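The residues making up each chain are set out below.
Protein chains: 2
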Amino acid sequence: MALIVQKFGGTSVATVERIKNVAQRVARWKKQGHDIIVVPSAMSGETNRLIGLAKDISDSPDPRELDVIASTGEQVTVGLLALALQSEGLKAKSYTGAQVKVLTNSVFTKARILQIDDSKIRHDLTNGYVVVVAGFQGADEEGNITTLGRGGSDTSAVALAAALNADECQIYTDVDGVYTTDPRVVPEARKLDTITFEEMLEMASLGSKVLQIRSVEFAGKYKVKLRVLSSFDDEGEGTLITIEEDKNMEHPIISGIAFNRDEAKLTILGVPDLPGIAYKILGPIADANIDVDMIIQNVGQDGTTDFSFTVNRADYTAGLEILKATATAMNARGVVGDNKTCKVSGVGVGMRSHPGVASKMFKVLASEGINIQMISTSEIKISVVIEEKYLELAVRVLHKAFGLDKSE
Amino acid sequence: MALIVQKFGGTSVATVERIKNVAQRVARWKKQGHDIIVVPSAMSGETNRLIGLAKDISDSPDPRELDVIASTGEQVTVGLLALALQSEGLKAKSYTGAQVKVLTNSVFTKARILQIDDSKIRHDLTNGYVVVVAGFQGADEEGNITTLGRGGSDTSAVALAAALNADECQIYTDVDGVYTTDPRVVPEARKLDTITFEEMLEMASLGSKVLQIRSVEFAGKYKVKLRVLSSFDDEGEGTLITIEEDKNMEHPIISGIAFNRDEAKLTILGVPDLPGIAYKILGPIADANIDVDMIIQNVGQDGTTDFSFTVNRADYTAGLEILKATATAMNARGVVGDNKTCKVSGVGVGMRSHPGVASKMFKVLASEGINIQMISTSEIKISVVIEEKYLELAVRVLHKAFGLDKSE
Numbered sequence: 010m011a012l013i014v015q016k017f018g019g020t021s022v023a024t025v026e027r028i029k030n031v032a033q034r035v036a037r038w039k040k041q042g043h044d045i046i047v048v049p050s051a052m053s054g055e056t057n058r059l060i061g062l063a064k065d066i067s068d069s070p071d072p073r074e075l076d077v078i079a080s081t082g083e084q085v086t087v088g089l090l091a092l093a094l095q096s097e098g099l100k101a102k103s104y105t106g107a108q109v110k111v112l113t114n115s116v117f118t119k120a121r122i123l124q125i126d127d128s129k130i131r132h133d134l135t136n137g138y139v140v141v142v143a144g145f146q147g148a149d150e151e152g153n154i155t156t157l158g159r160g161g162s163d164t165s166a167v168a169l170a171a172a173l174n175a176d177e178c179q180i181y182t183d184v185d186g187v188y189t190t191d192p193r194v195v196p197e198a199r200k201l202d203t204i205t206f207e208e209m210l211e212m213a214s215l216g217s218k219v220l221q222i223r224s225v226e227f228a229g230k231y232k233v234k235l236r237v238l239s240s241f242d243d244e245g246e247g248t249l250i251t252i253e254e255d256k257n258m259e260h261p262i263i264s265g266i267a268f269n270r271d272e273a274k275l276t277i278l279g280v281p282d283l284p285g286i287a288y289k290i291l292g293p294i295a296d297a298n299i300d301v302d303m304i305i306q307n308v309g310q311d312g313t314t315d316f317s318f319t320v321n322r323a324d325y326t327a328g329l330e331i332l333k334a335t336a337t338a339m340n341a342r343g344v345v346g347d348n349k350t351c352k353v354s355g356v357g358v359g360m361r362s363h364p365g366v367a368s369k370m371f372k373v374l375a376s377e378g379i380n381i382q383m384i385s386t387s388e389i390k391i392s393v394v395i396e397e398k399y400l401e402l403a404v405r406v407l408h409k410a411f412g413l414d415k416s417e
Numbered sequence: 010m011a012l013i014v015q016k017f018g019g020t021s022v023a024t025v026e027r028i029k030n031v032a033q034r035v036a037r038w039k040k041q042g043h044d045i046i047v048v049p050s051a052m053s054g055e056t057n058r059l060i061g062l063a064k065d066i067s068d069s070p071d072p073r074e075l076d077v078i079a080s081t082g083e084q085v086t087v088g089l090l091a092l093a094l095q096s097e098g099l100k101a102k103s104y105t106g107a108q109v110k111v112l113t114n115s116v117f118t119k120a121r122i123l124q125i126d127d128s129k130i131r132h133d134l135t136n137g138y139v140v141v142v143a144g145f146q147g148a149d150e151e152g153n154i155t156t157l158g159r160g161g162s163d164t165s166a167v168a169l170a171a172a173l174n175a176d177e178c179q180i181y182t183d184v185d186g187v188y189t190t191d192p193r194v195v196p197e198a199r200k201l202d203t204i205t206f207e208e209m210l211e212m213a214s215l216g217s218k219v220l221q222i223r224s225v226e227f228a229g230k231y232k233v234k235l236r237v238l239s240s241f242d243d244e245g246e247g248t249l250i251t252i253e254e255d256k257n258m259e260h261p262i263i264s265g266i267a268f269n270r271d272e273a274k275l276t277i278l279g280v281p282d283l284p285g286i287a288y289k290i291l292g293p294i295a296d297a298n299i300d301v302d303m304i305i306q307n308v309g310q311d312g313t314t315d316f317s318f319t320v321n322r323a324d325y326t327a328g329l330e331i332l333k334a335t336a337t338a339m340n341a342r343g344v345v346g347d348n349k350t351c352k353v354s355g356v357g358v359g360m361r362s363h364p365g366v367a368s369k370m371f372k373v374l375a376s377e378g379i380n381i382q383m384i385s386t387s388e389i390k391i392s393v394v395i396e397e398k399y400l401e402l403a404v405r406v407l408h409k410a411f412g413l414d415k416s417e
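Chains G and A, in that order, give the protein sequences. The first sequence: position 249 = 258 (the working numbering), numbered continuously. The second sequence: position 135 = 144 (the working numbering), numbered continuously.
So here's chain G without its partners, still in its complex pose (with noise of 0.2 angstroms):
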């Protein structure tokens, strides 16, 4: 018998016949001698249709309203799921953030949850219930709603397990697992069994939208056993997110291929090669709230260098003109960009142990006539940007290239 807590997303409660579906999952884990916390996101669309009134009546709207309001949301379904429960012929019984009382800080609308108290949920519990806990919010010392932020409710799941030190925290969402890449783009792309916390992350922080990072980096800090199954799949023993990595069998060298369509690469050329300069460039591209991704300044010459960053492509525009107007401040040779290039990265922990893969992976894109344009590189994951329309070709060759298509 072990403590679970399962957490379902927005197209998981989407309709009222969904819900049920649900209740009967948990049913058959619950009849299985498990203790359940079961946590619901808002029922898809749901969240949007709150703050779309929201806005409605103001363009900038108070965020410890647009919380009051957007927390509605998981509230509703809580009740609904404790209900079909309960039709299941469970004890069941819902509570608010509030009602927890998951304590945050008093950031609206991106609260931090600082301490969960977990007495009521361990007392229904004992006492044979299905705990049904609202994901996404909390409330703060004063008793004010607040909200996690976009796909809190992950972080929710985590922190209630974490907290009632959960034998496993299962993410129910409309894939079946984690893997190897994105199945639209190379069709023998397999799931995998297990990835370290650290592959999820660079995974995830990389383009292959599983799971909410915050949530992930927040499991692997409290050693919380976190699993991504598919809630339309009853089988499927889903993808288990580790904490070690194995070391009784042969780690792969590479365990994915992520990527990232939406980058743009933005370049000042000839600016004096001094100390302080990564600052003057960037710190009105922060100050402007564009988040910078890769970084490269390359050896200088003459005393000077040419500076590169990439962007997100929605924040190219901006960028480009006060990068621009930086180039005049400083004296640069001038500013070049480019918004049609993409990332290919390569993640596992096994090339800690592998020397040689950053050679491979070049050499394999070298030979498909595929132009590296930047390069990065961490512990466990090689970065590249390459022109977008290669994107597919890249992704596809270094899959097979490192053998993710065979079975482990």
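Among these hints, one or two may not hold up.
Which copy is meant is left open, so a pair is good if it fits within one copy or across any two.
Each computed BS3-like pair below joins lysine-lysine, with the alpha-carbon atoms no more than 27 angstroms apart [to be verified]:
hint: 1; residue 1: K119; residue 2: K100
hint: 2; residue 1: K40; residue 2: K398
hint: 3; residue 1: K129; residue 2: K110
hint: 4; residue 1: K232; residue 2: K110
Hint data in this document are derived by calculation from the structure and do not stem from the laboratory. Note that this is a predicted model, so its numbers are computed, not measured.
We have chain G; now place chain A onto it with these hints.
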């Protein structure tokens, strides 16, 4: 400068546009220097939508979970209204019932308010905020969310006015006040400037559904000055519901003519006239959850008596079946019923000091050939049951006979 509680019903906040109108109205009061607490209902249709979702899942949903779900309707409105007030340049803050906290008992879906903590509201008022409190809801000792039952937002408003010792509680509805009778039946019906609590109670229970009867009782008990106003008319003064009848003015004998079309009459004939007979007849009716309105027991002859009562027309068939069984068991002579009846009532505190009101009423009806089937009187009300087809005629002639079409 006064402290005013303003309650807005579902039709007044049915759309974003109307919520903005409400905010403008509140802003005008605030700018006159008043302290304002606003209590909105859910956007009209929303409570039904939410309860509909619950009923799609369960035929008899757990009342605790039903309250979790239904209470979100008002929670959305308070957030939206606070945003709209901020857009009018005011400081505004919303609270759910649980946040305030409005402490209730644990009778889910029809909880009673036990106590209201005024500390947060007082603090905000002192700091210049318009405070927006969700109607219809509260929380019990253990923090479970409760609702007060249909129309409970009126009760919330009155209870807040009582707890904060407000100068006036204004109930904004889609009518501009309380009328001498239904203007759809008598075009000459006049809006009353004032009405006493007692009269209002009789009017409400008799079918003039302007205010929830519980809120009127509550206001009477705690001496809250209650005013009914139109939310669509900026000019009117509405109707003030007064605690005491105004001693300075000549009060009309009758303040209004109320009526109820949904009456059905049941009679058991020739039952033994013995102690306990009423209980024997009405016990089984009450056990079937059928509400009984008027009860008449004729003077017995030959040791037997006829016993009549009225029920809501929807309960007519069920009531008749039960009564037939009772008649058999009691050896009564028989059972007769009539579901084509209605009730017409004259209401007025003035009749306390004016004898002869009943006889005038009977005379007026007789002169129109309207036969009276049952009569019931209280200190400030005379009700008669008549054939339904005479309803409009009876209301019209009584309205005229008691001078209600003339200005006060």
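Hint check results:
no. : hint        : result
1   : K119 - K100 : between (33 angstroms within a copy, 22 angstroms between copies)
2   : K40 - K398  : neither (52 angstroms within a copy, 61 angstroms between copies)
3   : K129 - K110 : both (9 angstroms within a copy, 19 angstroms between copies)
4   : K232 - K110 : within (22 angstroms within a copy, 38 angstroms between copies)
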